[in-house]
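**Q** Listed below, chain by chain, are the residues.
Number of protein chains: 2
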Amino acid sequence: MTATPDQAPQETPSPAARMNLLRAELSRRGLAGFVVPRADAHLGEYIGADSERLSWLTGFTGSAGLAVVMETEAAVFVDGRYTLQVRDQVDGDLFEFCHLTDQPPADWIAGHLAAGQVLGVDPWLHSERQIAALRQVAEKAGAALVLQDDNPVDAVWAGRPAASTNPVVAHALEHAGKAAADKRAEVAEQLVAQEADAAVLTLPDSIAWLLNVRGQDVPNSPLPLSFAVLRADATVQWFLAPEKVTAALRDHIGNGVTIHDPGELGSALDALGAAGKAVLADPETAAAWVFARLQDAGARVVKGADPCQLPKACKNVVELAGARAAHRRDGCAVVRFLSWVDQHGVARAKAGDPLYEAEAAAHLLALRGQGELFQGRSFETISGAGPNGAIVHYRPGDEESRPLGLNEMFLVDSGGQYLDGTTDVTRTIVNGEPSAEMRDRFTRVLKGHIALGTARFPKGTTGSQLDALARYPLWQAGLDFDHGTGHGVGSYLSVHEGPQRISKVPNRVALEPGMIVSNEPGYYKTGAYGIRIENLVAVVESPAQGPDEQDMLAFETLTLAPIDRRLIDPGLLNPEEIAWLNAYHARVRETHRDSLDPEAAAWLDQATQPI
Amino acid sequence: MTATPDQAPQETPSPAARMNLLRAELSRRGLAGFVVPRADAHLGEYIGADSERLSWLTGFTGSAGLAVVMETEAAVFVDGRYTLQVRDQVDGDLFEFCHLTDQPPADWIAGHLAAGQVLGVDPWLHSERQIAALRQVAEKAGAALVLQDDNPVDAVWAGRPAASTNPVVAHALEHAGKAAADKRAEVAEQLVAQEADAAVLTLPDSIAWLLNVRGQDVPNSPLPLSFAVLRADATVQWFLAPEKVTAALRDHIGNGVTIHDPGELGSALDALGAAGKAVLADPETAAAWVFARLQDAGARVVKGADPCQLPKACKNVVELAGARAAHRRDGCAVVRFLSWVDQHGVARAKAGDPLYEAEAAAHLLALRGQGELFQGRSFETISGAGPNGAIVHYRPGDEESRPLGLNEMFLVDSGGQYLDGTTDVTRTIVNGEPSAEMRDRFTRVLKGHIALGTARFPKGTTGSQLDALARYPLWQAGLDFDHGTGHGVGSYLSVHEGPQRISKVPNRVALEPGMIVSNEPGYYKTGAYGIRIENLVAVVESPAQGPDEQDMLAFETLTLAPIDRRLIDPGLLNPEEIAWLNAYHARVRETHRDSLDPEAAAWLDQATQPI
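Protein sequences appear in the order of chains Z and S. The first sequence begins at 250 in the working numbering and counts up by one. The second sequence begins at 250 in the working numbering and counts up by one.
These are computed hints drawn from the structure, not numbers from a lab. Treat each hint with caution, since some may be false.
Since the list gives no way to pick one copy over another, a pair counts as held whenever it fits inside one copy or between any two copies.
Said to hold, decoys possible - Simulated crosslink set (DSS-like; lysine-lysine; CA at most 25 Å straight-line): (1) 774 to 427; (2) 427 to 753; (3) 389 to 552; (4) 753 to 389; (5) 774 to 708; (6) 599 to 389; (7) 774 to 753.
No experiment lies behind these values; they were computed from the predicted model shown.
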C-alpha cells in the first residue's frame, strides 16, 4: 500500500548536517528563519514520502508537528500525543521541544525573530489563517514574512523521493453505493445554492469520494493525490499526474470529467478569475496558495466548507452495509489475535521467550490478510506493551520492539482497509493478573466508553457536546486523557476524516445519520501502562418511542471484539453498564463463533461470558 | 427596587394604533422598515422602563426578543422560552410569530425588503455584528440600511417614561471584599498587557463592580445605568446622570474617578481618537455606536472582552462568604415557603379554596423580606401551577393567577438580592400525589442535576463541555429541555451574568474558581406540567488526592432547600446519587433547623429524611 520511491535511497546525512544544509540554503535566500510543518499541499494527515520534510529534518515521524529553524536556534512543536515520542526521535541539542498548543510556534517565533529579518514560509503547506498569524507575528517584530516559490528543504534534501505515480483505480459501485455522476450532480446543486460557479477541491479523500476512485500515493489510505475543480454544471477538471491514469480509469470516469496535468491548476484558477467566477474554497483545508492565486486572478472567492466533506461523512446504505460486513471480518481477525495472545503471552513470558510487540503486530496483520477484500492496514499498528502503552501513538520498531512481560498490560490499536470499509479498533488486555489500580482505571475508561456509546441525543448535537460523557468517570477520580474521544472514519478511505469529531475542541458540525466515528477514551500512566477501548460506531436514527418523546439520534456499534473481562471491576459498574457489556459480548460471540477454529471458538466462549 | 416614571402614565393606544403611529413615523423618515430589539444602549438583559420599546409596540414582556416592522407586515421573534408567552401577549393579526434562531430575522427581512427600500436601525441598540448582518441582508436585496440618529419609536411613544434618576450608592467593602481603587489598578494592568490606552465600559454591572457602587435604574438588579472610560493609569471617566450623584457617592469614589454628563461620552471618545489612543471595546457587549464613534474619531480600536467581566465573575473570598451567608438566609425563607405550601396546598384544594400562584409568590417574597440584608427580588418570580409550569418564563398576573389543583405540580423559580449576595433557586413540588410519569421525569431531571453538580473537571473546561451531563438522563428517554443549563450569577448584582455559561451553545470561557453558576435542568410537558431543579453552585478547587491525579475543579452547592422526595423514584437512582441526595438533605436540615418555628422545623425533618 505504501508509495515507493523511484530512486535508489542515498545515504542520509546526520541530523546536524541536515540542519546545516538547510541553514546554508536559508542564508543563501536571505532568510533568518523558515517554518517546516508536517504537511503537503493537501494539508492533510496522510502525506507522500516526498512531503516528509519534517521527518527528514528532525527525525520526528509523528502525524502532526512543526519545526521552526532560525539562524542559531530551532524548535520542534508537537501535541500531547507525541511529547514522549519527540524526545526519543529528535536531537535535543538541535531542537528545543515545545507543546504545540501550550507553547505556540507564534510565541516562540516572536521571541526569536528580530527587526529587519525575514521569515520564510511555503504557501502550499499552510492555510491562509496560519499564514496570517505568522505574518502578524513577523510584522509585530518589525520583520517580514516572505512566501517562497519553492521549498528550501527540497533544495538541500539529497535523495528526496519522487512523488508517487501509482495508478488510480475505480472504486466499484457495489461498494460506493452511488454513481460518481450522481454525486457530482448533488454536490453541484450545493454550489448553486451557495451561489458559487465552481469549487476548488484540494482534499484527496474528497476527490476520491466524488469520482469513486482510489489510489496508492500515501501509506495506509487509498488516496490518489490530486486536485480538482468542480463546476456548478457538475463537470470536473481533474489535475492528476498522467502516469496515474490508465485506460480503465478513463473508461470509469466517463464524460463530464477531464484530466489535466497538475501543473495546470494555476492556469485553471486564473481562467476562473478572468471570467469573474465565484469560486468556493475551504479556508480550513485548502492551502494559502489557492486563495492567493484566486484573488490575484480576480475571482470572487467564496469561503466555505469543502462541499464533499459532509456528504462523504454521511455514509449511504450500501457503505453502511459494507462497514458492517468489513467489521465482521475484521473482528474475526481481532478475536483470533486476542486468542493467540492469551494462548502464548503468559506461557512464553514465564518460559523466558516472551511475545514481542512487533511480532504481535505482524501476526495481527497476517490474520487480517486472510479476510476477504482486505487491502492493507488502515494505519501503522500501535502495539504497546507495559509502559509503551502510555505513548499514545507508539509504534514498535523492528529492532526496538519490547517484550510483553508477565502481568503487564498490552494496548493494540490497529485497523484494516477493506474494499467495503475501513476499520479501527483498540483493545487493551492484561498478560496475566491485573493490579487493583489497573482494574479501576480500565473500568473507568469502560464506563466512559459505554456512556458515550449508548447515548441518545437530539438532532443538532455536536461531538464537542458529547465528549465529556466519555471522560466523566475518569474526571471523578482526578484523571483524564490528552487526546480526542472520537474521529470520523472513511469508507475504504482515510481512517481519520472530518468534519465531525468528538473532542474537547469546540466543533460546530452536528452528528448526522450515517457518520462513522470512533469511541475511544483512554487512560495513560507514564512509565507504567496505557489503556484505550475503541469501537467504531455509526450515527443512526433513534425514533421517538412515545408521544412525549422526540426523534433522537444514537450510535450503532460496528466493532465486534471482546473487551478484557479480567480488567473489569464489576463493583464499579451499574446494572445498565453490565447489561450493555453482556449484550455486546453475546453479540460478538454469536457473530464470530462459526467462523473460528475450535480453539479460538472455545477462547471466545469464555472471553464473552456474562459478568 | 423598580424605576418609577417621572410623569403620570397616559392612556396607552391600542396595539394597532401603536403600530400605525410607528408606521407613520417610518414613512415620514422614508423608511420601509425598522428593527425593534428588546434592548437598551447597554445591550443587556436588564433595561429601564424608558427602553421597553418592544413591550410598548407589541405587548411582549419577555426578557429577549425582537420585532421587525415593514410597511404592511411585521414579525416578532422570540426564543424557545417564550414561544407560548408571545402568543398570549401579542396580536397575531399584527405580527407574525417567528422563532429567533430557527427563523432568523435576517431571513424574514430578506423575504420582505425590496430593492430600493431603506431599512432603519438604531445603532445604540445593536452590536456591530448585528448591524453588519442586517446591512448584508439589506444590500443583498438591493436595499439600504440607514442608522437612525434617534429612535423612531421614541418619537411616537406618548407617555414614554423618563430615564431613571435614582441615586447611586456605595457598595460597602465588607461585601465587595476589594477596594475599588485596587480593582481599577488590576484591570488597568490588563489594559497595559493588551496594549490598550483605555477601555470603554458599557455594561452597567461591570461599572458597578469596578467602582463598588450599586443603583436602582432597572427592576430587580441594583444596576446604575451609566458608561465609563477606564484608562491605563487606572483613572476613570464616569458618565452618569447628575441627579444620581450624591455627596456620599462623591466621597466614596474618591480620587481617580471623575463624573461627567452622559452626553459627554461622545466627545470623550473623540478626544481619545484625536490623541491616537488605542481603545479597548467589547464587540460582544458594546453598541455599534461606540465602534462607529471611535473609528470616526481616529482611535485605534482594540476589540476584546470587557476587561471587568472575568474578574467580576470570579468572586473573591469575601464575596463567596457573603454568597454562602445569603444562601443560608434565602434557603430558610424557601423552607418556610415550601412548608407553608405543603400545609395549605392540598387542604385548600380539597376545600375549594385553593392556593393561587400569585398568592404563593407574594408569600415567598414576604418571607424573604424577613431576612437580613434583603433588598428585593433578583427577578420576577416564576410561579407556575400545573400547565403553567411548562411555560419556561411564566409569571402569574395579578388577575390571571391560576389555582394550584390537587395532585398538580407547582414550579417556583425565585431569588433575592441581599447586600452580601444574589440568589436564584427553583423547586418543583407536587400538591398531593404524583403520577408515575411525573416521578420518572422528575427523577431524570434530578439525575442530570446531580451529575452536573458533583462533576469534577480539569482546568480549562467550559460550561459547553459540561452541559450534556445534565441532559443525558433525559436524552436517554427521548426528552430534552429548550433552555440553557446554567448561567453566571453576580454578587449583589445581575442574576444573569457572563462570561461563563453552561449550555449547548459553544462558549470558549473556561470555568474558574469563584465563578457562581446555576445548575438548572428541567423538563416541560406542554399543557401538563413543568419541572426544574435549580441550585446555585460555586466553582472551587478540587485538588489531586493521589500521585496519579491532577488538580481538578468542582462545584460547591450554595442553595439550601429540600428537593421534593415524593417526586423521586429511588429505583432510577444509583447508590452514589442516593448518597448525594441524603447528604444534601442532611446539610439542609442542619443548616436551617434552629432558625425555624417548631411547625416548619418538623416539616423540614420529614422532608429531608433519607431515601
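**Q** Now tell me, hint by hint, if it's right for this structure.
**A** Evaluation of the provided hints:
no., hint, in the structure
1, 774 to 427, "neither (46 Å within a copy, 43 Å between copies)"
2, 427 to 753, "neither (34 Å within a copy, 35 Å between copies)"
3, 389 to 552, "between (27 Å within a copy, 17 Å between copies)"
4, 753 to 389, "neither (31 Å within a copy, 37 Å between copies)"
5, 774 to 708, "between (36 Å within a copy, 19 Å between copies)"
6, 599 to 389, "neither (63 Å within a copy, 76 Å between copies)"
7, 774 to 753, "within (20 Å within a copy, 32 Å between copies)"
Comparing the model with each earlier hint shows violations of hints 1, 2, 4, 6; every other hint is respected.
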